[in-house]
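**Student:** These are the residues of each chain, in order.
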Amino acid sequence: MPERIDLSERLFNLTCALLVSSNGLSKAEIFATVQGYKESFRSGEDNSALNRMFERDKVLLTEAGIAWRSFIPKEAMEDNQEYRYLIANEDFAWPKGVNLNAKQVALLNLAAQVWAKASLSADANRALHRIRAMGETSSASSFIGIAPRIRTHDPAFLPLSTAIESGSRVSFDYLKPGETQPTVRNIEPWSLQNIGGQWLLIGFDLDRDEPRNFLLRRVISEIDIQDVSFDPPVNGEVNKALTELERHKSTQVAIIRVEPSSAAWFHFDLSSGQTEFNINYMDLHLLAEELMEFVDEIEVISPSSLIELINYNLERVCDAHA
Amino acid sequence: MPRSSSLSGTDRYNFMLALTGYLITHRQQRIEEVAKHFDVSEKEIRSAVVTISLSGVGMYRPDELFFLDYDLLEDGILDLSFAPTLESAPRLSTRQAAAIASGLALLLELMDSSDRQEIDALLSILGIAAAGQQQLPFMVQPNRDDADLAIVRQAVAEQRIIRCSYRNSAGEVTEREIEPGRLESRESNWFLKGFCLTNQEERVFRLDRMREIELSNQFSTRELTSRSEEGLYQVGDTDTEVLFEVDPEAFSLIADFKPEHYISGNKSVQVKISIGQLDNLGRIVARYSGKVRVLAPAVARQAVREFALSALGRSPEQALAE
Numbered sequence: 001m002p003e004r005i006d007l008s009e010r011l012f013n014l015t016c017a018l019l020v021s022s023n024g025l026s027k028a029e030i031f032a033t034v035q036g037y038k039e040s041f042r043s044g045e046d047n048s049a050l051n052r053m054f055e056r057d058k059v060l061l062t063e064a065g066i067a068w069r070s071f072i073p074k075e076a077m078e079d080n081q082e083y084r085y086l087i088a089n090e091d092f093a094w095p096k097g098v099n100l101n102a103k104q105v106a107l108l109n110l111a112a113q114v115w116a117k118a119s120l121s122a123d124a125n126r127a128l129h130r131i132r133a134m135g136e137t138s139s140a141s142s143f144i145g146i147a148p149r150i151r152t153h154d155p156a157f158l159p160l161s162t163a164i165e166s167g168s169r170v171s172f173d174y175l176k177p178g179e180t181q182p183t184v185r186n187i188e189p190w191s192l193q194n195i196g197g198q199w200l201l202i203g204f205d206l207d208r209d210e211p212r213n214f215l216l217r218r219v220i221s222e223i224d225i226q227d228v229s230f231d232p233p234v235n236g237e238v239n240k241a242l243t244e245l246e247r248h249k250s251t252q253v254a255i256i257r258v259e260p261s262s263a264a265w266f267h268f269d270l271s272s273g274q275t276e277f278n279i280n281y282m283d284l285h286l287l288a289e290e291l292m293e294f295v296d297e298i299e300v301i302s303p304s305s306l307i308e309l310i311n312y313n314l315e316r317v318c319d320a321h322a
Numbered sequence: 001m002p003r004s005s006s007l008s009g010t011d012r013y014n015f016m017l018a019l020t021g022y023l024i025t026h027r028q029q030r031i032e033e034v035a036k037h038f039d040v041s042e043k044e045i046r047s048a049v050v051t052i053s054l055s056g057v058g059m060y061r062p063d064e065l066f067f068l069d070y071d072l073l074e075d076g077i078l079d080l081s082f083a084p085t086l087e088s089a090p091r092l093s094t095r096q097a098a099a100i101a102s103g104l105a106l107l108l109e110l111m112d113s114s115d116r117q118e119i120d121a122l123l124s125i126l127g128i129a130a131a132g133q134q135q136l137p138f139m140v141q142p143n144r145d146d147a148d149l150a151i152v153r154q155a156v157a158e159q160r161i162i163r164c165s166y167r168n169s170a171g172e173v174t175e176r177e178i179e180p181g182r183l184e185s186r187e188s189n190w191f192l193k194g195f196c197l198t199n200q201e202e203r204v205f206r207l208d209r210m211r212e213i214e215l216s217n218q219f220s221t222r223e224l225t226s227r228s229e230e231g232l233y234q235v236g237d238t239d240t241e242v243l244f245e246v247d248p249e250a251f252s253l254i255a256d257f258k259p260e261h262y263i264s265g266n267k268s269v270q271v272k273i274s275i276g277q278l279d280n281l282g283r284i285v286a287r288y289s290g291k292v293r294v295l296a297p298a299v300a301r302q303a304v305r306e307f308a309l310s311a312l313g314r315s316p317e318q319a320l321a322e
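Heads up: the protein sequence lines correspond to chains H and F, in order. Going by UniProt numbering, 288 is the number at position 288 of the first sequence; the sequence numbering is gapless. Going by UniProt numbering, 15 is the number at position 15 of the second sequence; the sequence numbering is gapless.
I should point out that these hints are in silico values taken from the structure, not numbers from a laboratory. Hints should not be assumed to be uniformly reliable.
[Said to hold, decoys possible] When the alpha-carbon atoms are kept at most 27 Å apart in a straight line, the in silico DSS-like pairs for lysine-lysine are as follows: (1) F:K272 - H:K117; (2) F:K258 - H:K117; (3) H:K96 - H:K58; (4) H:K96 - F:K36; (5) F:K267 - H:K249; (6) F:K267 - H:K117; (7) H:K117 - F:K36; (8) H:K103 - F:K258.
Whole structure, please, built from the sequences with the hints as guidance.
**Tutor:** Given below as structure tokens:
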């Protein structure tokens, strides 16, 4: 009995096999020759378990960013239209001439640490392994003592990023603030963007027939990833949506009065003697939330909707602690 | 320090690809140096390199695809050669590139102009080095420049004493001298862990409560007692253990105050958190507008209610009369 080959070894063998074969390999050839497959391969018998394993492995390769190609050779006979698989070296290899210096490696290390313990830490670590494979070592770091962190406690983050990568439609329940019932949204997800600490999904809303933005924290169901694919947005669509958000923000202004030397006065960094300031906001509810911490030492001058919202929020806090 | 946990599954697959790319371009490396370079154990390296050398695919039998010099390995030297034409580390998957690029974007607000140029260069490298030339599935929009943050970051890097005016959570404003230790972020707030020379004690400072920050002399390294990375909030003897009920939209509270607490799913959870000063509890809870509820003890519930009532301009007595 051959020793059992584990997943990592099988994937590695499959990758090497597809990389070194100049004409590609058919499934039958893979099953017959690649360790991890060939031990279970029985020529002429039912190999459906191997087929399923191969389908899963192809997905794992794609997720690892190992781009394989499949094609039917031109010279194939009508009755022998079998796919062949290969990995092209230019798809696989780190691009030629793109080198990293020691300081850049130090920055990349620090960038990976941003995900410490968050959902992407495994991917960040895998990226570091590949970056270290280039050989450059990190410069003695002047970045010691800095630990910025990204948080992704939104359960929707990972499934949405998966759907974006595979270009799959999604649907989810979305609860807008002030509404009691969520609405089902059917979206072609384009991009997740973190703006001021909040994760936002930019995508095409199929029911409203236009691009829309969704705050991940307001997604209250699991993400249903559908088996319907879509073409990625044309170049620049995501940036257009981001610019539109920025424009929207610049038109929305709140005026706040604060007590000098209060925590709010410190927080919003007012100059000495200054007691009033303007603040632009993307979302009234997010602004209200930011202000709640200082609610006893500020006075909202405008808009009145913000005053009402803050009072409503305070009433809810009271009710919850009656 | 090489980590002790061992790699498995797709992590090990990823590592073997990276290690292969490294070893065939860096011949005759000492095993302990390679372990250090990749931040994994020597045992992990040994196991991976033996697996690599034994992989046989297609027309190559085991030992033919890769050649590992076992004599040198006995002396602790890795020498791996590869028969066909694979000569590089793998490029990054889009997800890996997005994770690193997001981290870099988050670092921007901390960096001086020369580091920013490096980051810009890296961001364009990541665009090239990601597989498939796809748009990155997620990204962080850099925050606006913050002069205070930049100067504190400089103080950390250069080990210089910070002089500033600080408003503590009790509302007292005092002049402080601080030996900065570690700069950490939580959601949108930055914290500085350091030694307060004014109070001769290790403290955690919130950057938005600092003003008129100046850099003073250099100091020699002091060993801070709380080395633990996530130890921003330390439990004191006089702390009150408060039982919270937290809706999914407010999970960031748990991420902030009890990062070791694992959260998943879309349902409200109950969690106990030690709180130093109940005076501040209202402020913390108000932020979540009823999506965080204090269940016990009664004195904590009362503190939250009183904060909300007083912010609404009502006294507790009035409220009782309603």
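**Student:** Taking the hints in turn, state whether each one holds.
**Tutor:** To see whether the hints hold, each was checked on the structure:
1. With a C-alpha separation of about 21 Å, the suggested pair K272 (chain F) and K117 (chain H) falls inside the 27 Å cut-off, and the hint holds.
2. At roughly 13 Å between alpha-carbon atoms, K258 (chain F) and K117 (chain H) fall within 27 Å of each other, so this suggested pair holds.
3. For a cut-off of 27 Å, the pair hint linking K96 (chain H) to K58 (chain H) stands: about 26 Å separates their Cα positions.
4. For the given pair, K96 (chain H) sits about 26 Å from K36 (chain F) by alpha-carbon distance, which is consistent with the 27 Å threshold.
5. Proposed proximity of K267 (chain F) and K249 (chain H) is contradicted: the alpha carbons are some 32 Å apart, above 27 Å.
6. A hinted pair counts as satisfied when its Cα atoms are at most 27 Å apart, and K267 (chain F) with K117 (chain H) qualifies at roughly 21 Å.
7. With a CA separation close to 22 Å, the supplied pair K117 (chain H) and K36 (chain F) stays within the 27 Å bound.
8. For the hint linking K103 (chain H) to K258 (chain F), the alpha-carbon distance of about 34 Å lies beyond 27 Å, and the restraint is violated.
Figure legend: structure checked against the earlier numbered hints; hints not met, in rising order: 5, 8.
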